[in-house]
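Q: Sequence:
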Amino acid sequence: MSFWSVRFVRLVCVVMLVLGMNLVSASAAKLTSEQRKELASIKKNLTKVSLLIRQKKYDEAKAAIDEEEGKFDKLVQDAMIPETDPLSVSTKKLIALRRTFLEKAMGTGGNKPGAANKGVSFEEQIAPILNEKCVSCHGEQRGSANLRLDTFANMRKGGRNGLLLVPQNPNASLIVRKLITPDDNQRMPKNQPALDRDQIQLIARWIAEGARFDGTKETDPIGASVKAKKNPVKVVMATGDEKVSFMNDIAPWMLDFCMRCHSGNNPRSGFSVVTFEDILRGGDTGEVIVPGKPDDSRLWHLVGLQDPIKMPQGQALLKRKNAEDLKTWIAEGAKFDGKDAKGNLREMVPTDEEKRMAELANMSPDEFAKLRRDTLEPTWKRVVNNDPAEMLETDDFIFYGNVSSDRLKEISGWATTQVEDLRKLFNEKQKPFWKGKLAVYVFKDRFGYSEFNQTIEDRRVGNDTTWHTKVTPNSLDAYLVLQDVGDQADASSPGLQTNLMAGLTNAAIQRGAGEVPMWASRGLGMLLASKSTTSQAYFESLRQQALEAAPKVQRPEALVAEGTFSPSETTAVGFTLVEFLINNGGLPKMAALLKELKSGTTPVNAITKVYGTNIRALATAYARTLRPGRVSN
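The sequence shown begins at 0 in numbering that gives the first Met the number 0 and counts up one residue at a time.
By construction, these hints were calculated from the structure, which means they are not laboratory data.
Any given hint might turn out to be false.
When the alpha-carbon atoms are kept at most 25 Å apart in a straight line, the in silico SDA-like pairs for lysine to any residue are as follows [said to hold, decoys possible]:
1) Lys92 with Glu68
2) Lys443 with Pro349
3) Lys597 with Gly611
4) Lys597 with Lys369
5) Lys551 with Lys443
6) Lys380 with Asn361
7) Lys156 with Lys103
8) Lys338 with Lys443
9) Lys61 with Asp72
10) Lys320 with Pro364
11) Lys341 with Asp255
12) Lys594 with Pro566
13) Lys103 with Met79
14) Lys588 with Ala536
15) Lys189 with Ala152
16) Lys369 with Val348
17) Lys530 with Glu450
18) Lys61 with Ser32
19) Lys430 with Asn462
20) Lys380 with Ala368
21) Lys443 with Gln429
22) Lys551 with Lys318
Label-pair ranges, simulated between beta-carbon atoms [claimed, not checked]:
23) Asp457 with Asp351: 40 to 48 Å
24) Leu50 with Thr471: 46 to 54 Å
25) Lys608 with Asp295: 16 to 24 Å
26) Leu304 with Ala557: 28 to 36 Å
27) Asp351 with Ala536: 28 to 36 Å
The structure presented is a predicted model; accordingly, all values stated were derived computationally and were not measured.
Each residue gets a CB set at the ideal place from its N, CA and C atoms; glycine is no exception.
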């Protein structure tokens, strides 16, 4: 696909988004059913023009544009739609875009000698696809899987699952595999339709040509070198006499409700709320705020006047006072009372989560523990309201469950021993080990554990899952949930003590910011448990399962990548791999590896840094330990 083809696709998407967000015009509402069908047909036929242009059928494309424009002009005349009506403006813009596309193709397109040898441009052809399809999840605000695609420098680094690009080798490049995999759970964009075949082929061709960057700076937002410069805006500073403060009354809710769609390199409808100047500048349809005139301000119409309210999406969360504050702020001149109108508002305005984190950070250990205790009974009653629980509290834990008191005491003894081993592993002496202590829910049967997952976690789990943990970075949530599976261990179940020890290890690793791959967290937990319990039949079954799962590793990097194995296989492979790593480097190096992973280093790079070997050599040596007759320390 040529540069103009890609750019056209991007422009059309922007136009479609604008149409989706535009006010529903009175004229559109007056169209008859036949006129609406005619309008839909016109837009459909205009879309087909792109194919004619790509096929270099320029005369047919021009005739088609002329014909559809004539049909629309007649429709406008018959329906008496004003030229300034949003419906008229948007459709005329679509027609104009088609003509521009045609003119560019005829004037500078692929029919010129040597044009096909230019190669794929990252900035002009690849960046628009990434901005539209990928950056919302892999940008500055989210960075899913520790992968950011908002700059070429970040793209080059890769993410949690490894490097994204292998120049000149599309088949070996993770980005291509993620785009074409038939597994809906693994394919990107996540929870979205697959990219068009032409787009995937374009990305593959760019990689085959060397994955070259042709922008100005690799640290600039992708596509920045071909974007038009933004027009300057006039910022009026507040005097302090205003009834409404932008920074205190407007920015907090605007960032919470609008930032996800209206930020990044390709904000929806071209409207960004990243900086104050961005807000005043408006979007693809022009300014959205007219200082001093709320009724002439598009943003006020979307937030406060339309029925139903159009913006923000999920507007039920927006309080009426927020909308009224917006109206008052605009009426008072839309003034700015912050420090830097060009600065990132997200960095200047704390989120509710950040405010909550600051509040939690200032709590004493006793206050935090009380907060934890106060959540136990309400949570329990949501799950099994008619089955009361007992509580047992220690220096590090609050146990809560419907097993007997003696059983809780037994579990407490196991946990107390385990947490001391964790302190040694992580070289920490703090008490409690988890801020506010770790809540340990213990259910006497499968029903209670399943209900907890469905009611609290909103998920269903298989019968082979009998424990899980959740520890958030701010420690507001910090718990381990256990089903009491008894103490009888066999090849399919290790018993409650092993599950407890594995769960506590997992909860210890989850503390603070950053994530660790499941193979590392579960593997370490199972290994530590294997040294202290008698569930050897179960651990031997894990080794056998790891041996059977090994053929799934087609490339060395896949051994430590998320998604290579099923959850049960991940536990088995993790157990044997962590055992191998500790046998060859000891617990200190394992602790160093976990620290690297938590900091965002990819598993491949973290292993290379900590163990001083490449992933291929490590994977080969690990595979030997899985063979029958291996020697395990």
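Q: Take the hints in turn and mark each one as holding or not.
A: Now for the hints, and whether the structure bears them out:
1. Between lysine 92 and glutamate 68, the direct Cα distance comes to roughly 11 Å. Compliance with the 25 Å bound is thereby established for this hinted pair.
2. Under the criterion of a C-alpha separation no larger than 25 Å, the hint pairing lysine 443 with proline 349 is inconsistent with the structure, at around 42 Å.
3. Restraint check for lysine 597 and glycine 611: the C-alpha separation of about 19 Å stays at or below 25 Å, so the hint holds.
4. As the CA atoms of lysine 597 and lysine 369 are separated by approximately 29 Å, the hinted pair breaks the 25 Å bound.
5. Proximity of lysine 551 to lysine 443 is assessed by CA-CA distance (about 37 Å); at most 25 Å being required, the pair is judged violated.
6. Proposed proximity of lysine 380 and asparagine 361 is contradicted: the alpha carbons are some 29 Å apart, above 25 Å.
7. The straight-line distance between the Cα atoms of lysine 156 and lysine 103 is roughly 35 Å, outside the 25 Å bound, and the hint therefore fails.
8. Restraint check: the Cα-Cα separation between lysine 338 and lysine 443 comes to about 57 Å, which exceeds 25 Å; the hinted pair is violated.
9. Restraint check: the Cα-Cα separation between lysine 61 and aspartate 72 comes to about 16 Å, which is no more than 25 Å; the hinted pair holds.
10. This hinted pair does not check out: lysine 320 and proline 364 have alpha carbons roughly 36 Å apart, beyond 25 Å.
11. Proposed proximity of lysine 341 and aspartate 255 is supported: the alpha carbons are some 19 Å apart, at most 25 Å.
12. A C-alpha spacing of about 23 Å is found between lysine 594 and proline 566, which places the hinted pair at or below 25 Å, so the restraint holds.
13. Distance hint between lysine 103 and methionine 79 is unfulfilled; the C-alpha atoms sit about 33 Å from each other, more than 25 Å.
14. As the CA atoms of lysine 588 and alanine 536 are separated by approximately 28 Å, the hinted pair breaks the 25 Å bound.
15. The straight-line distance between the Cα atoms of lysine 189 and alanine 152 is roughly 22 Å, inside the 25 Å bound, and the hint therefore holds.
16. The suggested pairing of lysine 369 with valine 348 is violated, with an alpha-carbon distance near 29 Å, which exceeds 25 Å.
17. Using a Cα cut-off of 25 Å, the hinted pair lysine 530 and glutamate 450 is violated, with the two alpha carbons roughly 32 Å apart.
18. Of the pairs offered as hints, the one joining lysine 61 and serine 32 is violated, with about 28 Å between alpha carbons and a cut-off of 25 Å exceeded.
19. At most 25 Å may separate the alpha-carbon atoms for a hinted pair to count; lysine 430 and asparagine 462 exceed this at roughly 35 Å.
20. Between lysine 380 and alanine 368 the alpha-carbon distance is near 20 Å, which keeps this suggested pair within the 25 Å criterion.
21. Distance hint between lysine 443 and glutamine 429 is unfulfilled; the C-alpha atoms sit about 31 Å from each other, more than 25 Å.
22. Under the criterion of a C-alpha separation no larger than 25 Å, the hint pairing lysine 551 with lysine 318 is inconsistent with the structure, at around 52 Å.
23. Checked against the hint of 40 to 48 Å, the C-beta distance between aspartate 457 and aspartate 351 comes to roughly 21 Å, which is inconsistent with it.
24. The hinted window of 46 to 54 Å between leucine 50 and threonine 471 holds, with their beta carbons roughly 50 Å apart.
25. Look at lysine 608 against aspartate 295: about 58 Å separates their beta carbons, and that is not inside 16 to 24 Å.
26. At about 54 Å, the CB distance of leucine 304 to alanine 557 disagrees with the hint of 28 to 36 Å.
27. At about 49 Å, the beta-carbon gap between aspartate 351 and alanine 536 misses the expected band of 28 to 36 Å.
Violated hints, in rising order: 2, 4, 5, 6, 7, 8, 10, 13, 14, 16, 17, 18, 19, 21, 22, 23, 25, 26, 27; the structure is consistent with all others.
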